[in-house]
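Peer 1: With the hints as constraints, model all of the structure from the sequences given.
Listed here are the chains, written in short residue letters.
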Amino acid sequence: MPNMSVNGVTIDDTFAEAFGMRATAIVITAPSRKWARQAAVTMTGFATSVIGCGCEAAIDLDLPPSATPDGRPGCRVMIFAMGTDELQKQLLNRVGQCVLTSPGSACFAGLQGSAELKLGSALRYFGDGWQISKKIGDRHFWRIPVMDGEFLCEATTGLTKEAVGGGNFFVMAQSSANALAAAEAAVGAIGMVPGAIVPFPGGIARSGSKIGGKYKGMIASANEAYAPTLRGVVASELGPDINAVLEIVIDGETNEAVAAAMKAGIKAVIELGPKRGAVRISAGNYGGKLGKFIYSLKDMLP
Amino acid sequence: MKALTFTLVAEPPERLDLSPLTPERLAGIERRDVERIQIGMSKHGSKVGDIFRVAGSDPTSIVFEGGSARLDLVAQGMRAGSVRLVGNAGAQAGRAMRGGKLTIEGNAGPYAGSGMRGGRLEITGNAGDHLGAPLVGELAGMNGGVLIVRGKAGAFAADRMRRGLVAVLKGSGDHAGSRMIAGTLVVAGGTGEMPGYLMRRGSILLDRTPARMSPSFVECGAPESVFAAIIDRHLIAEGILKRPLLGSAPHKYGGDNAVLGMGEVLFPR
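Listed in order, the protein sequences are those of chains V and L.
Numbered by the numbering used here, the letters in the first sequence go through residues 181 to 482 in order.
Numbered by the numbering used here, the letters in the second sequence go through residues 222 to 490 in order.
Partial selection, computed: residues in chain L whose CB lies under 8 angstroms from chain V:
id	residue
1	Ser446
2	Phe448
3	Ala450
4	Ile451
5	Ile452
6	His455
Within a straight-line C-alpha distance of at most 25 angstroms, the following computed BS3-like cross-link-like pairs (lysine-lysine) qualify:
id	chain 1	residue 1	chain 2	residue 2
7	V	Lys314	L	Lys473
8	L	Lys463	V	Lys315
9	V	Lys390	V	Lys469
10	L	Lys322	L	Lys373
11	V	Lys341	V	Lys298
12	V	Lys341	V	Lys472
13	L	Lys322	V	Lys315
14	V	Lys469	V	Lys443
15	L	Lys463	L	Lys322
16	V	Lys314	L	Lys322
17	V	Lys314	V	Lys298
18	L	Lys322	L	Lys391
19	L	Lys463	L	Lys373
20	L	Lys473	V	Lys315
21	V	Lys455	V	Lys443
22	V	Lys314	L	Lys463
23	V	Lys341	V	Lys469
To be clear, the hints were calculated from the coordinates, so they are not data collected in a lab.
Cβ coordinates follow ideal geometry from the N, Cα and C atoms, glycine included.
Peer 2: In structure tokens form, the structure reads like this:
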């Protein structure tokens, strides 16, 4: 099938291939938006890819005071991992080191799922015997004394096995500035989609990879078919007009959330147009044999 | 189906044990047989039909029209459904409730909600002494559920409470929250002598500075408290209070240091 063109942006006739993952979410609140985000950004640092970080995590949404359990500004943070045990470990390490430590923070369940992960019920041991259990309505909290008062933390949060990781698309432009502008527009639009995160730096990956490599032990290595400097020397996917490619990788709470995020991102890129942004959109896949979830770009158009 | 309604015909001649008249125990019983249940606790041996006029047929929703301080053990051990008493109750209303909803539109006698484990008991008037408390020989008082008194409560409210929520909205008598093991006691409208006397753990939340604390409680400052925000919002969401009780940084007394000393008395500054 021929590639399509929408608003001057070429859409490759291809698809993104994504995988089933385990995910959880928490709500972090703080006395101000600044400190809620600080705790969230800290705990989601070094969480771009399960390949090297153990999990993929990012802020899903900023929550206004009216939408948080304690009436303070908050963030919903999502964490994705390949297995339940790793997810549990990452959740406790990250909340314990980055949220418990952040001034004025509190931490709540952000997901109701098929199973539960320990949150406060494990972190409570920091209280060294002075922790207080409180059941309020049908929710269970732990209050842990800290130097600015108390860290209040919900006992458990939910786990979903319906999560999807690895939804993606490439924005391809004539200059790196245009590619970045298109990718930023996409990330901005995806930020509004509930239940979907873009875990790479600022939501953007420039080192999209292929599986394996020529060196032993490399799980992933350079995707030379999309590297503009190698356009003439390898079997390149890039035409003469492409000088920069950026990838948006999307993890979602559900299949639908990933699809909604891809639609929102691609819409933003198309609306920006080829002059200021991308001239072409493509997506990464493994031939459709490995991943359980397939997102055809032609179904993701606005 | 219409609610199963027991209308009090006259002041009972003796104390009555209403514990057989709960949704569980009346399920599947014919009205004729209901009227034959003995509820009198003295030589009179009154039966339901002697005291009440019975109407309706839905035992999951029971209404007592007319109250008396002689109506003891209303809804004892109830697990589900609803019981509503329009009038006063005697002793041990809602004793050992496990679920469902009991509403007393009047005053309740001593030991209301004693040993509750679940469900919701709401008393629109006043409650007697030993609200939610254990009977003699029992180790723990309330063990779950929500107990709301819109009026005053007597002495020893929430005595030996272990879990759940007790809210008294127009003031309590002496020794509120005495010997608490855990759980939450809310008292708006003032407390009597020594709230939290010999409490081990648990939270007593007040709307004002307590006047006469035991000297074995110690001042613990007033840091910002997310717990205060959570419980304030919960009390409003449950329809228990209309405005926040504690605010964002309540004062704390810790105690009772005559025993374990891990309880708290919180009140707004």
